[in-house]
Amino acid sequence: MSAKTVSVPGARPATAPALGPERPVAWPRQSVRTLSNGLQVVLAELHTFPKVAAQLFFRSGNAAVALATPGLAEITATVVRTGTASRPSRRIEEDLRRMGADLGTHAGADSSAISIAGLAEFSGGLLEMVADLARNASFPAEEFERERRQKIEELRIERTTPGFLGTERLRQVLFGPHPYAIVAPTEEQVGAYTREQLADFYRRYYVPENALLLVVGDFKTDAMFEQIEKVFGSWKAPQPEVQKSPAPPKNIGRHVHLVHLPGAVQTQVLVGNLAITRRDPDWFRLTLANSIYGGAFHSRLVINIREQKGYTYSPRSGAHPLRQQGYFSVHAAVRNEVTAATLTEIFYEMDRMRSIPVTAEELDSARSYMTGVFSLGVATLDGVVGQLSNVYLERLPADYLETYREKIRALTADDVLIAARRYFDSANAQIVLVGDRAQIAEQAALFAEVTEYDAQGKQALK
Amino acid sequence: MERLHIPVEYTTLANGLRVVASPDRSAPVVTVGVYYQIGFRLEPRGRSGFAHLFEHMMFQGSENAGKMEHIRLINSSGGLLNGTTNYDITNYFESVPSNALERVLWLEADRMRALKVDDENLRNQRDVVKEEVRVNVLNQPYGGFPWLDLPPVAFRNWPNAHNFYGDFTDLDAATLEDVGSFFYTYYAPNNAVLLMLGDFEPAEGFALAKRYFEDIPAHPLPPRANVSEPAQTEERRGEVEEKFGPLPAMAIGYTAPPRGTDDWYAATILDRALHGGRSGRVYRELVLEKQIAVEADGSADTFDTNGPTQMVTRIFHKPEFTSGHTLAAFDEIIRSVQDHEIREDELDPVKVKFRADFYSMLEGGMGAHMPRFGLMHYLACFTLFDGDPQRINTILDGFLAVTPKQAQAAARKYLVPQNRAIVVRRPVANGAAR
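Protein sequence lines correspond, in order, to chains A and B. Sequence positions in the first sequence follow the working numbering and run 1 to 462. Sequence positions in the second sequence follow the working numbering and run 1001 to 1434.
Honestly, the hints are just simulated from the structure, not real lab data. Where is the CB? At the ideal position from N, CA and C, for every residue including glycine. One or more hints might be untrue.
To be verified - If the Cβ cut is set under 10 Å, some of the chain A residues that face chain B in the computed set are:
#1 Ala14
#2 Ala18
#3 Glu22
#4 Val25
#5 His47
#6 Thr48
#7 Ser86
#8 Arg87
#9 Arg90
#10 Gly372
#11 Val384
#12 Gln387
As the list claims (entries may be wrong) - 20 Å max Cα-Cα, derived EDC-like pairs, lysine to aspartate or glutamate:
#13 A:Lys309 with B:Asp1297
#14 B:Lys1318 with A:Glu147
#15 A:Lys309 with B:Glu1229
#16 B:Lys1290 with A:Asp280
#17 B:Lys1067 with A:Glu361
#18 B:Lys1413 with B:Glu1235
#19 A:Lys458 with A:Asp436
#20 B:Lys1318 with B:Asp1297
#21 B:Lys1290 with A:Glu147
#22 A:Lys220 with A:Glu128
#23 B:Lys1067 with A:Asp415
#24 B:Lys1318 with A:Glu188
#25 B:Lys1413 with B:Glu1229
#26 B:Lys1290 with A:Glu188
All chains, full assembly: derive it from the sequences and hints.
Below, the structure is given as structure tokens:
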């Protein structure tokens, strides 16, 4: 290390000032009510800016039908915004603009959502738009065909994107026969969708008893409830059945899954194993352990492979809380030459977490980080929407948010050790590498047996 | 229309550091930023990518907070931090629980006063930046499209036209001396604004700012560089090979009117009528009606640039259409806003949406955990470029007053071939990955 420094002398207080007394976090006033048709409604007033965000969730997403028709929930959501009984596509988009609104209609593994955000002065019209899309979507044939073609082109682009290919493969190997294995349909599957399948998904799952309506922003709660009763009150439909999913496999030992992307100048490295849902009593332990391992800028993995070794720009680890079964994963995009070295450090840091208790200073730091970031999330509209949707969609305890910070503060070094031993399963972790075979195959083989795939998701013939 | 009023207080310290405070006691958090008036436009020749590399160096240690100490102190206070490099500004910002305000100011002052980095730090961050370029540009479909593709085609003056992320040979050539002289030249208190937003009293915030920043010495600033462009007389075109993605893509950039002029307001509203999602004319015509494109949208860097900049349309079109056919369909849209005024019943909703987007930006603008980032960003730009943070409360008026006639005039004056550049991304052999 060179002794040369760039420095302008003259500093005065040589240590960082202590933190002042903490101010309490006040939650926006929330009101929860269930309409007679079974629609659960959660309202939270936030008067900082004249905006309202409304999200209507249905507790059924791609996983509900993945084994029969992968991606059906997503294409259904996409086509929902393209027409209702009274509004053609163009009218929908123009009405949105008139209210200063953005609309998103999406589906993930566990839910489908119609999300709108616009000016508070149009809150009535915003709700009517959500209700119209939820109740009267007409699935125009020509819009369906257009969106289907677009979906195919999007898939073709995704199949050249290292991040997508890595996540797709990791989910496949972790979840096997479980619907969470499938993150996207194939082109052929999209080509086989019918308009009737979309309409059927919509009829079955876009129903009030399967729904949660979350409204956050600049409104008066009583008036908002009245408005909601008016536009959603007469909505009636039977509750859908929830099907049981096949169990994911128990992976024993490490295995390398190499997705060949010709010409790649970097390797997308992923390491993962099955973990837990947000409802699991270990959830707080796991998220704290994750923030010390690789979930924050000041975490061990980031310091190691970015700030000390310079292998990568944005390494991160995360606990992903899907509804039926969560998973833990680590990812880093690294230059090809250090693929093996990166894996070595990922496993080294996992094993260190599993064998040596974290220091008191690290523990304290990580707990403050988590409680502080939680407070930041209360100060934006998107943050409040996100936190409330976690709680109510997953039916977490009513005091989840109010007690979050004290639960984090009560965690100990032992809790971190327990979580690491249970969920940083280095011996049985699955390794996914997305990159150019010629550049990385030898390094991959150092870690376990290698199975190769092409970018279309097909296993390569040996 | 409800009129929003944002409280803003503004002062300048003896060393020339401008300080802006915007209190909001609704949540116990503060967002703090320091914006330096230097961006990639003014990095030294032969050192493309240096302004951004330098931004990384600002996280590598200062006089009293060594490597990782800055990051540790913010994270362990319960906060998040980041920095970004832009055309004309580089910013450093933190959101923290409000009891950490003083600590954040101490940290920002420490690195404004005295950066303390060595060769090892420089080598490390050069490696990190190269991986950043690989992950965002070299190893992604459509990486750098079109923000790195257009400037070298559209502009002739090096500050506007070079590779902002940096050629690897230039990154390799950067030395610690470069770091030192860039710091001395541009990272002066009199070339910056400090912003504090959220849960604090302005008087207390100003007192803390004075305590920690006021004795940092001012430096003589270099004369304002010439970033102007020679007059353009014909359409400019370029082509870039797309290594991974399967679809042809096209970007069309029109050089925007100068900041703050009447045409600037009109062209901004025109941009929102053309772009701005599915109701904009470009998406409606190219994706929904003619179905030439799979994706088509665009934008202009209206508020945060202070030199030549473009309104850019991005189109990903179906392979069965040629780029000539796609461009002809686009040109028809441009002709329509030149030949006919946009009617009030189209322009009024565009303005409503503009106002809604403006509020959303002020409220968040950088994810769910960086409260008021957008407000900070705009306040910084109004202070550094226009000398008046209070414009935050009046700037909307100029946009909402744009008439159909003014929008048409802007279209006729600016959306012309001799004011535009076109870059095509052409996939190689159906995409390398297939």
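Status of the hints after comparison with the structure:
1. Annotation: alanine 14 of chain A was flagged as interfacial toward chain B, and the flag holds, the nearest CB pair being 5 Å apart, inside 10 Å.
2. Given the 10 Å rule on beta carbons, the hint for alanine 18 of chain A holds: about 8 Å separates it from the nearest Cβ of chain B.
3. Here the hint on glutamate 22 of chain A is kept, as its CB sits about 5 Å from the closest CB of chain B, short of 10 Å.
4. The interface hint given for valine 25 of chain A is met, as the beta carbon of that residue sits about 6 Å from the closest beta carbon of chain B, less than 10 Å.
5. A cut of 10 Å between beta carbons decides the hint on histidine 47 of chain A: the least distance to chain B is about 8 Å, and the hint holds.
6. Among the interface hints, the one on threonine 48 of chain A holds; its C-beta lies about 5 Å from the nearest C-beta in chain B, closer than the 10 Å criterion.
7. Nearest Cβ of chain B to the Cβ of serine 86 of chain A: about 18 Å, over the 10 Å cut. The hint is violated.
8. For the restraint placing arginine 87 of chain A at the interface with chain B, the shortest Cβ-Cβ distance is roughly 13 Å, beyond the 10 Å limit, so the hint is violated.
9. Taken as an interface hint, arginine 90 of chain A checks out: its beta carbon lies about 7 Å from the nearest beta carbon of chain B, inside 10 Å.
10. Interface restraint check: glycine 372 of chain A against chain B, minimum CB-CB distance 1 Å, threshold 10 Å, status holds.
11. Hint status for valine 384 of chain A relative to chain B: holds, with the closest Cβ pair at about 8 Å, below 10 Å.
12. This hint holds: glutamine 387 of chain A has a C-beta 9 Å from the nearest C-beta of chain B, less than the 10 Å allowed.
13. A hinted pair counts as satisfied when its Cα atoms are at most 20 Å apart, and lysine 309 of chain A with aspartate 1297 of chain B does not qualify at roughly 39 Å.
14. As the CA atoms of lysine 1318 of chain B and glutamate 147 of chain A are separated by approximately 13 Å, the hinted pair is consistent with the 20 Å bound.
15. For the hint pairing lysine 309 of chain A with glutamate 1229 of chain B, the CA-to-CA distance comes to about 42 Å; that exceeds 20 Å, so the pair is violated.
16. The suggested pairing of lysine 1290 of chain B with aspartate 280 of chain A is violated, with an alpha-carbon distance near 51 Å, which exceeds 20 Å.
17. Of the pairs offered as hints, the one joining lysine 1067 of chain B and glutamate 361 of chain A holds, with about 17 Å between alpha carbons and a cut-off of 20 Å not exceeded.
18. Distance hint between lysine 1413 of chain B and glutamate 1235 of chain B is fulfilled; the C-alpha atoms sit about 14 Å from each other, no more than 20 Å.
19. In summary, the hint linking lysine 458 of chain A to aspartate 436 of chain A is supported, as the alpha carbons are separated by about 16 Å, within the 20 Å threshold.
20. Taking the CA atoms of lysine 1318 of chain B and aspartate 1297 of chain B, the gap is near 15 Å; set against the 20 Å cutoff, the hint holds.
21. With a C-alpha separation of about 13 Å, the suggested pairing of lysine 1290 of chain B with glutamate 147 of chain A holds against the 20 Å cut-off.
22. Between lysine 220 of chain A and glutamate 128 of chain A the alpha-carbon distance is near 17 Å, which keeps this suggested pair within the 20 Å criterion.
23. A hinted pair counts as satisfied when its Cα atoms are at most 20 Å apart, and lysine 1067 of chain B with aspartate 415 of chain A does not qualify at roughly 29 Å.
24. Restraint check for lysine 1318 of chain B and glutamate 188 of chain A: the C-alpha separation of about 18 Å stays at or below 20 Å, so the hint holds.
25. Distance hint between lysine 1413 of chain B and glutamate 1229 of chain B is fulfilled; the C-alpha atoms sit about 17 Å from each other, no more than 20 Å.
26. About 25 Å separates the Cα atoms of lysine 1290 of chain B and glutamate 188 of chain A, which puts this hinted pair outside 20 Å; it is violated.
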